[in-house]
Amino acid sequence: MIKNSYPGKFIVFEGLDGSGQSTQTKFLKDFLGNKAVLTKEPRSENKIIKDALASKKKLAPKILQELFAQDREEHLGKEIIPALEKGKTVICDRYAFSSFAYGSANNVPIDYLLEINKDFLMPDIVFFLDTPPPVCLKRVEKRGDKKTLFEKKKILAKVYENYKCLSRQFNFIKINGKKNIEKVFEQVRSHYRS
Numbered sequence: 001m002i003k004n005s006y007p008g009k010f011i012v013f014e015g016l017d018g019s020g021q022s023t024q025t026k027f028l029k030d031f032l033g034n035k036a037v038l039t040k041e042p043r044s045e046n047k048i049i050k051d052a053l054a055s056k057k058k059l060a061p062k063i064l065q066e067l068f069a070q071d072r073e074e075h076l077g078k079e080i081i082p083a084l085e086k087g088k089t090v091i092c093d094r095y096a097f098s099s100f101a102y103g104s105a106n107n108v109p110i111d112y113l114l115e116i117n118k119d120f121l122m123p124d125i126v127f128f129l130d131t132p133p134p135v136c137l138k139r140v141e142k143r144g145d146k147k148t149l150f151e152k153k154k155i156l157a158k159v160y161e162n163y164k165c166l167s168r169q170f171n172f173i174k175i176n177g178k179k180n181i182e183k184v185f186e187q188v189r190s191h192y193r194s
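Sequence positions in the sequence shown follow UniProt numbering and run 1 to 194.
It should be emphasised that the hints constitute simulated quantities derived from the structure, not laboratory data. Misleading hints may appear alongside valid ones.
Stated by the list, open to error - Calculated cross-link-like contacts (lysine to aspartate or glutamate; reagent style DMTMM-like; alpha-carbon spacing at most 20 Å): (1) K40 x E66; (2) K9 x D93; (3) K35 x D124; (4) K138 x E182; (5) K118 x E79; (6) K174 x D93; (7) K40 x E85; (8) K29 x E182; (9) K26 x D93; (10) K178 x E141; (11) K29 x E41; (12) K3 x E73; (13) K26 x E186; (14) K26 x E79; (15) K29 x E79; (16) K40 x D124.
Let's have the full structure, built from the sequences with the hints guiding it.
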C-alpha cells in the first residue's frame with residue numbers, strides 16, 4: 001500500500017459486524033465536525049456487492065473480492081483522495097483490511113488480496129475494535145439486522161483471528177470493543193489526540 005502524502009489525515013475503523021466500528025466512526029465525525037468527512041465501504045451504490053453480502057446473489061469469493069477492490073479504487077478516486085487533497089480528515093468505516101480479514105477467511109489467498117490492493121492508499125491510523133464474535137453476534141441479533149454472508153460463527157472466528165494478525169502486522173490501534181460505546185470512544189479520542 002502507498003503512504004498518504006496528502007495534507008489530510010486518513011483514518012479507518014475495522015472490526016467484525018457488531019463490533020461498534022460504524023458507531024465509533026460517527027462519534028469521531030461528530031467530534032471533529034466540519035474538518036472531517038465520513039465514508040464507508042462497500043459503498044451503498046454497488047448493487048452486486050450488496051446482493052452478494054445479503055446472500056441474494058451467489059458469487060465466487062475471489063470475484064467478490066475483485067469487486068470490492070474495484071469499488072475501493074472508485075471510492076478513493078471520487079471521495080477519499082479529493083477530501084484528503086483539501087486537508088480534510090477522512091474517516092472510513094472499513095477499508096482494504098476488511099477484504100484481507102473476510103476474504104482470507106473465505107479461502108481467497110492473502111497474497112492475492114494484498115496484490116489487488118497494493119496500489120491503494122495506506123491509512124494514517126487504523127482503529128481495530130477488538131470485540132469477540134459471540135458479543136458481535138449478540139449485538140447484530142439485538143438490533144434486528146439480517147445476517148450477511150459472513151456472519152456465521154465459524155467464519156467469524158476465522159475473521160476475528162485474521163484481524164488480530166493484521167493488527168500486529170499493520171500496527172493497528174487496538175480498542176477494547178466490549179465496553180460501552182462512550183468508554184470505547186474515550187479510547188478512540190485519546191489515541192486520536194496522541
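message: Name the hints, by number, that the structure is in violation of.
response: none
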